[in-house]
Amino acid sequence: MDWGKVASIFFILMALTSNASFVYGGDSYNLVITVAMSLIATLLKLGSRKTLGAELMATSLVADLHLIPALVAFFGFGEVTMAKGLAIGALVANVISVALITIDTILDTIKEENAIY
Amino acid sequence: MRSFPSRQQGDFFDALARLRPPLILTILLLLVGTLGYMAIEGFPFVDAMYMTVISVATVGFGEVHPLSTGGRLFTMGLIMGGFAVFSYSVGVFVEVITRRDIFGLFRIQTMESRIKSLADHYIIVGYTTIAQELARIFRRRGMLFVVVEPDAERVEMLKHDQVEFFIQDDYFRHETYRKAAVGTARGIITSFENDSDNITVVVTGRIVEEATGRDLFIVSTCSNEESKVRLERVGADYVISPDTLIGNRIGALALRPPTLGSRSVLEQVAFGETTDLDIREMLLPEGVPMVGKSVRDSDLRRLTGAYIVAITHEGRRPHINPSPDEILRAGDTLMVIGTPRQLDTLEHLLRPTAAAGVNGTT
Chain E
1 MDWGKVASIF FILMALTSNA SFVYGGDSYN LVITVAMSLI ATLLKLGSRK
51 TLGAELMATS LVADLHLIPA LVAFFGFGEV TMAKGLAIGA LVANVISVAL
101 ITIDTILDTI KEENAIY
Chain X
1 MRSFPSRQQG DFFDALARLR PPLILTILLL LVGTLGYMAI EGFPFVDAMY
51 MTVISVATVG FGEVHPLSTG GRLFTMGLIM GGFAVFSYSV GVFVEVITRR
101 DIFGLFRIQT MESRIKSLAD HYIIVGYTTI AQELARIFRR RGMLFVVVEP
151 DAERVEMLKH DQVEFFIQDD YFRHETYRKA AVGTARGIIT SFENDSDNIT
201 VVVTGRIVEE ATGRDLFIVS TCSNEESKVR LERVGADYVI SPDTLIGNRI
251 GALALRPPTL GSRSVLEQVA FGETTDLDIR EMLLPEGVPM VGKSVRDSDL
301 RRLTGAYIVA ITHEGRRPHI NPSPDEILRA GDTLMVIGTP RQLDTLEHLL
351 RPTAAAGVNG TT
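Read top to bottom, the protein sequences are chains E and X.
Just so you know, we're using the working numbering here: the first sequence kicks off at 1 and counts up by one.
Just so you know, we're using the working numbering here: the second sequence kicks off at 1 and counts up by one.
Isolated chain X (complex conformation) (with noise of 0.2 angstroms):
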């Protein structure tokens, strides 16, 4: 499918397109003066456009051989010329640079050319309080994102806390989103204080992803319960009320106040924040040698390092700290916690081709 500019290389190409005219009148003044030295005086081609760009250029050089008057009044056409078409480049030159700032528009373009190679990011759409949240600890987890983000008031916010990828164009745009690589993109993630806008972000996902075949997982959130329904009916996977997580967290604090200092090891796991220490849940597929073996028998512990805090069996109540005897199930749903290089090792062992392999070397 054929790409089409986004604003900000529209920008660039309306930019490149300003030097445009300064460029061919250059050119044209210096073939205009090439070929009238080359036939009134017969110079050859070398002394000819030599005396040209001495001439345009106003540089006062001695002529490189005698001139007949036909000659010098050829010189002074071509004087005036060049420096009418000088001080226009000039001005053209300097517009481009200083109020266009081109060289800002080809960092954007270099970003967007970067943009298309990424893969399994996140597009997260609006740079709002909790996107700025979400960067920060994505860029601490090493996880990929773009931003895409129309206003550019917000985009000098993006720039100035070093966001790497960016896109500044309007979120209802399917082509804002390809911009974005959806196409290999694991998700999107909405969060604009109006529900409307979140709306928008999801059915465009949805859209956008029946059109590249790529399976998105849609994050939003919602200022009240009716906009969650609404926001789960038109595509959401995942809605969040902040204020309604705000609240669960206060009251789990008030519940049960942090002992060791003001912020709990287990709290910083619980939300993800620190890079040491990670909770994943992770479901068991049919396929893997450990289905039908016991927590003991499954060697997970000697195999990644990450402890099983909790096991649930399909449609029932999470099983809290199993014992070693407990039969793991295909369908059950492990929650795990280590290192994430640990979890990452049972992830990939998780996995039914992973495990493929493991059987046929076992």
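The shape of chain E in the complex, shown without the other chains (with noise of 0.2 angstroms):
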């Protein structure tokens, strides 16, 4: 087993989990982990060599730039309506960075099959 897959998708698949469940309760503690996961997330697609790798990138910046701001919002002005709002940006992003790890992961298994050596 690839235990570097396995970490990879474990945290693209936490930020999402922790952001939806973020939007869904708004919980404070939820807001550091999912904001914590998407850094972290973000880190594993840095130099990636995926065949989506710069795709994968650019959704995860994008998760961490609603992310941020959201943190702010929320601990620094009380504003929970904005974070929430924030926070529904950086799912969709996170969705779609699921959906691209999908096809990224189909793509690397047609590769695979078709490779002579």
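Not one of these hints is a red herring.
Below are the EDC-like pairs computed for lysine to aspartate or glutamate, each with C-alpha atoms no more than 16 angstroms apart in a straight line:
#, chain 1, residue 1, chain 2, residue 2
1, E, LYS50, X, ASP11
2, E, LYS5, E, ASP104
3, E, LYS50, X, ASP14
4, E, LYS50, E, ASP2
5, X, LYS228, X, ASP197
6, E, LYS50, E, ASP108
Hints listed in this document are in silico derivations from the structure and should not be mistaken for laboratory results.
Hints are included, so try docking the two chains, each in its own frame, into the full complex.
Next comes the structure, spelled out in structure tokens:
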């Protein structure tokens, strides 16, 4: 089993699920976890040699640039509604990210099957 | 077509990947610390994060709020974890910056991105002594080129010679040529001492040409006549034997030693070593206005400033120093002398599309 891939998909999915739970519940702990998971997911895509590496990196950066202002809005100014709005934006980016990683996995599988040597 | 990273890009990605674990551990540590202070001590987010950062960094600042026993135990664990992560991170960062030379790799990554936007350049395969001389001439003439060289020692020479564009990769990989922007290149030049290397480059060049649909002018050196035939057979447009060339040149010098100093102007022009005077051969295509006119009536001298020193009618010997009444015909090859700018103007006029424009305006 490719443990690097397991870790990578784990954090990408964690970023999505924790993001969804914050949007649903609006809990401060959830938001902190979401930001951390999203940053880790971005780091894992840094310097990625995946087929869709650039696209994955871009979606992750979009999610980060929604979540960091959401964190500031939530804890700095107590703007829960604004934070939730930004988190919904990040959720969309995370959904696209998961869709891309699924496509990338399929492409990798096809490439491996077609590889002669 | 999707491109794959070259060896140098791969090294850059590897170096970046080495930075991931310490950064991820730092984020996880900050997450655990912040959430821990929020849960155990009920600190607000900013205070919890501040406490985490000062604990992990072991800066020794005072506590934001008094800590409970649980909070103190947690802080002790955090400091120990923080120290471990900090030590590991410093080690990795130093290794990546010094041993892997991440800044050097980044410069190469930037150079490879710039190569992708090149057009009408030559790809010089192998940084041999001939290639070194060629690079010097190309640089002086303002011609763009990319050197492909797999050997690390020769790459150091490339850097020392301040060659602007190079790719450190194997010359038998098609991907290497894609990295060298072969799709927009003018041609490939190979000058290895070993003819089998030259054959490999020529064959690979022709295969890549077929894949990209770009016509490439492929020039190669050879060590003997037998190899010359082989290289031409596998697709080289022009094969030069350095030994024959040197012999011819020395023979010419012996026959007529230069009278004005050790290097005559004529010799420098013939070998493209001067930038203010040039001699070129140009084909007179069908459909240009000067076809069917005499040298005098074609007005080339007035339009461009260049001189026609010889005309070769198709299938005949060159007519040196043609008279002004000599008629220019489609398919003739003109040998012209002038400044590079004058010759560029003439080349432009000899393009059928440019000629159509001239016809339209006159």
